[in-house]
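Undergrad: As you go down the protein sequences, you meet chains A and B in turn. Under the numbering used here, the first residue of the first sequence is numbered 1, with each subsequent residue one higher. Under the numbering used here, the first residue of the second sequence is numbered 1, with each subsequent residue one higher.
Quick caveat, the hints were computed from the structure, so don't treat them as lab data. Any given hint could turn out to be false.
Note that identical chains are pooled: a pair holds if it fits in a single copy or bridges any two copies.
Straight-line distance between alpha carbons at most 30 Å, and here's what the computed DSSO-like set of lysine-lysine pairs gives [as the list claims (entries may be wrong)]: (1) K259 - K61; (2) K327 - K259; (3) K327 - K82; (4) K283 - K317.
For reference, the chains in residue letters:
Number of protein chains: 2
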Amino acid sequence: MKAIAYQTAGDISRQDALVDIELPRPEPSGRDLLVQVQAVSVNPVDTKVRRGVSAEPGQWKVLGWDAVGTVVATGPDASLFKAGDLVAYAGSLTRPGTNSEFHLVDERIVGRKPASLSVAEAAALPLTAITAWEALFHRLEVERQVPGASRAILIIGGAGGVGSIAVQLARRLTDLTVIATASRPETQAWVKEMGAHHVVDHRQPLAAQVAALDIGAPSFVFSTTETGQHLAEIAELIAPQGRFALIDDPETLDVTRFKRKSVSVHWELMFTRPIFQTVDMDKQGKLLNEVARLVDDGTLRTTLAENMGRINAANLKRAHALIESGKSRGKIVLEGFGV
Amino acid sequence: MKAIAYQTAGDISRQDALVDIELPRPEPSGRDLLVQVQAVSVNPVDTKVRRGVSAEPGQWKVLGWDAVGTVVATGPDASLFKAGDLVAYAGSLTRPGTNSEFHLVDERIVGRKPASLSVAEAAALPLTAITAWEALFHRLEVERQVPGASRAILIIGGAGGVGSIAVQLARRLTDLTVIATASRPETQAWVKEMGAHHVVDHRQPLAAQVAALDIGAPSFVFSTTETGQHLAEIAELIAPQGRFALIDDPETLDVTRFKRKSVSVHWELMFTRPIFQTVDMDKQGKLLNEVARLVDDGTLRTTLAENMGRINAANLKRAHALIESGKSRGKIVLEGFGV
Numbered sequence: 001m002k003a004i005a006y007q008t009a010g011d012i013s014r015q016d017a018l019v020d021i022e023l024p025r026p027e028p029s030g031r032d033l034l035v036q037v038q039a040v041s042v043n044p045v046d047t048k049v050r051r052g053v054s055a056e057p058g059q060w061k062v063l064g065w066d067a068v069g070t071v072v073a074t075g076p077d078a079s080l081f082k083a084g085d086l087v088a089y090a091g092s093l094t095r096p097g098t099n100s101e102f103h104l105v106d107e108r109i110v111g112r113k114p115a116s117l118s119v120a121e122a123a124a125l126p127l128t129a130i131t132a133w134e135a136l137f138h139r140l141e142v143e144r145q146v147p148g149a150s151r152a153i154l155i156i157g158g159a160g161g162v163g164s165i166a167v168q169l170a171r172r173l174t175d176l177t178v179i180a181t182a183s184r185p186e187t188q189a190w191v192k193e194m195g196a197h198h199v200v201d202h203r204q205p206l207a208a209q210v211a212a213l214d215i216g217a218p219s220f221v222f223s224t225t226e227t228g229q230h231l232a233e234i235a236e237l238i239a240p241q242g243r244f245a246l247i248d249d250p251e252t253l254d255v256t257r258f259k260r261k262s263v264s265v266h267w268e269l270m271f272t273r274p275i276f277q278t279v280d281m282d283k284q285g286k287l288l289n290e291v292a293r294l295v296d297d298g299t300l301r302t303t304l305a306e307n308m309g310r311i312n313a314a315n316l317k318r319a320h321a322l323i324e325s326g327k328s329r330g331k332i333v334l335e336g337f338g339v
Numbered sequence: 001m002k003a004i005a006y007q008t009a010g011d012i013s014r015q016d017a018l019v020d021i022e023l024p025r026p027e028p029s030g031r032d033l034l035v036q037v038q039a040v041s042v043n044p045v046d047t048k049v050r051r052g053v054s055a056e057p058g059q060w061k062v063l064g065w066d067a068v069g070t071v072v073a074t075g076p077d078a079s080l081f082k083a084g085d086l087v088a089y090a091g092s093l094t095r096p097g098t099n100s101e102f103h104l105v106d107e108r109i110v111g112r113k114p115a116s117l118s119v120a121e122a123a124a125l126p127l128t129a130i131t132a133w134e135a136l137f138h139r140l141e142v143e144r145q146v147p148g149a150s151r152a153i154l155i156i157g158g159a160g161g162v163g164s165i166a167v168q169l170a171r172r173l174t175d176l177t178v179i180a181t182a183s184r185p186e187t188q189a190w191v192k193e194m195g196a197h198h199v200v201d202h203r204q205p206l207a208a209q210v211a212a213l214d215i216g217a218p219s220f221v222f223s224t225t226e227t228g229q230h231l232a233e234i235a236e237l238i239a240p241q242g243r244f245a246l247i248d249d250p251e252t253l254d255v256t257r258f259k260r261k262s263v264s265v266h267w268e269l270m271f272t273r274p275i276f277q278t279v280d281m282d283k284q285g286k287l288l289n290e291v292a293r294l295v296d297d298g299t300l301r302t303t304l305a306e307n308m309g310r311i312n313a314a315n316l317k318r319a320h321a322l323i324e325s326g327k328s329r330g331k332i333v334l335e336g337f338g339v
């Protein structure tokens, strides 16, 4: 089968940063589905792994943690899906990625493809929807009140892949006032389109801008990017006993400044459940099915911003470079294998 | 009225580190109670403030955040207590402390004195009971399951003031398996007496000792002391999606190592509610009344370990020095004003 892979970690500008190769088609076992991949999206995790993690000697490393495709075979213990089903999922960081014609995934972390979306539109959603859903509902538990605090959430990096779906989930599924950050006219318009009540500029100090909204100190902050730069402002603007979630990779994260307000700090890594095979890992499949339902009834929309064409090394390199520029908005998707 | 105070922050060995003075008796307003103080305890916060915070020029700084005494007057808006009531409380970091014959405190953070305890035994409890209760039930929310994880909690520093009551609360009021750390034979015996199921030594690596108990990865870790030293071990031993609370003052606290397991980090500072006058600050008075009830029905016991005699500068200096040695066990109390 076709696959896109690399052997040595490094810069995207290198000729062999990503190459088109042939690999044997894998066989499903246990609760695995074998999926024929039709579309994938590219996430920041792809670029982080590519820069930092080389393949085992003589092996290939396949990236890609988002796919839409058709189930073509199932392991002996699988029961949730059957051959022919259209599925959407993000997979596991500890297994080969989705940038290959056929791909294995545990059925517990798989959802059905939203019927109303094209395969490309659907491929934009799984990883970011799982991340945003887990951050809002499983980590921050936004339904649970912070006593006396404003029913508001600040979402830092509102125009990014996770931000774009987090803004929608917070606006459509909760009573929260949604404040999103964006710094350019086009990204500010985008987060408004996603449902933000208010937009503030993360290139300017955040606390004063949030205070100027005159709605009280937010109960929640969800930081999707550049958290290290915003930490002092977050501590200043969040409500006492508030809850703060983050997903990015600051080199260090000194949280001593949160003590005075007894704030809690919630890491969200969507791969935690598949990595540790937690007993509740099927929550990911269930939430993906719920997201599909909410897309099909018109509550949520895809965050697809750019379709970069066929799934091959040349196009994936362009996608990686755009994500590494920090200028991407919403999600980048590729569709179909070939030139 | 008699009071013990200082003007310049610094080392406890200085002659004027704490001195006996006379101050005017304060007047209650709003929801304040005026309390005639009969016993106080000494907490690490006393020594931290004394080392780091000088009085305003020409003024005196009075320490002390724990008292048992008798209400002698009430502000016009107070309704929960009346003159003659025996009360126990920890007060607020933003007001003068309890090391004075008369003291003002907001009634919402005050509880009744447990009837079955002496004033000295009762004075050991408020600050540490509030801290441990808030950490376990309001921050960690130990009743809420971590899916698939062991119903166990590791309490680091089990023999300290907060540890001693936290071990009791976790053992007597929850179904958790309680693992406490203590490093010396006498402190190990003490934490067993407080109710710990298992004792491990915080001078040795913690993860291997907890694994050797063969009860699975604990859902919760509550660190009361030297958190910076134990951080890597905590990240290794805690369950995926586990919850970690702390109360001490590491110079920095880099929590990036908790990302892989999506662990949450919960600060507990018992002064957060009184400092910010949160709408739920009366939770502190209510939990102190509940602690009094649990003491009087025999469920909890005092953590008083040493009564250092009268409340004066000489005795308070001895108490500060003992706490700063890091060798104290349970709580140090002083009782009555005079020589």
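Undergrad: Could you work out which earlier hints the structure fails to respect and list their numbers in ascending sequence?
TA: Structure breaks hints 3 and 4.
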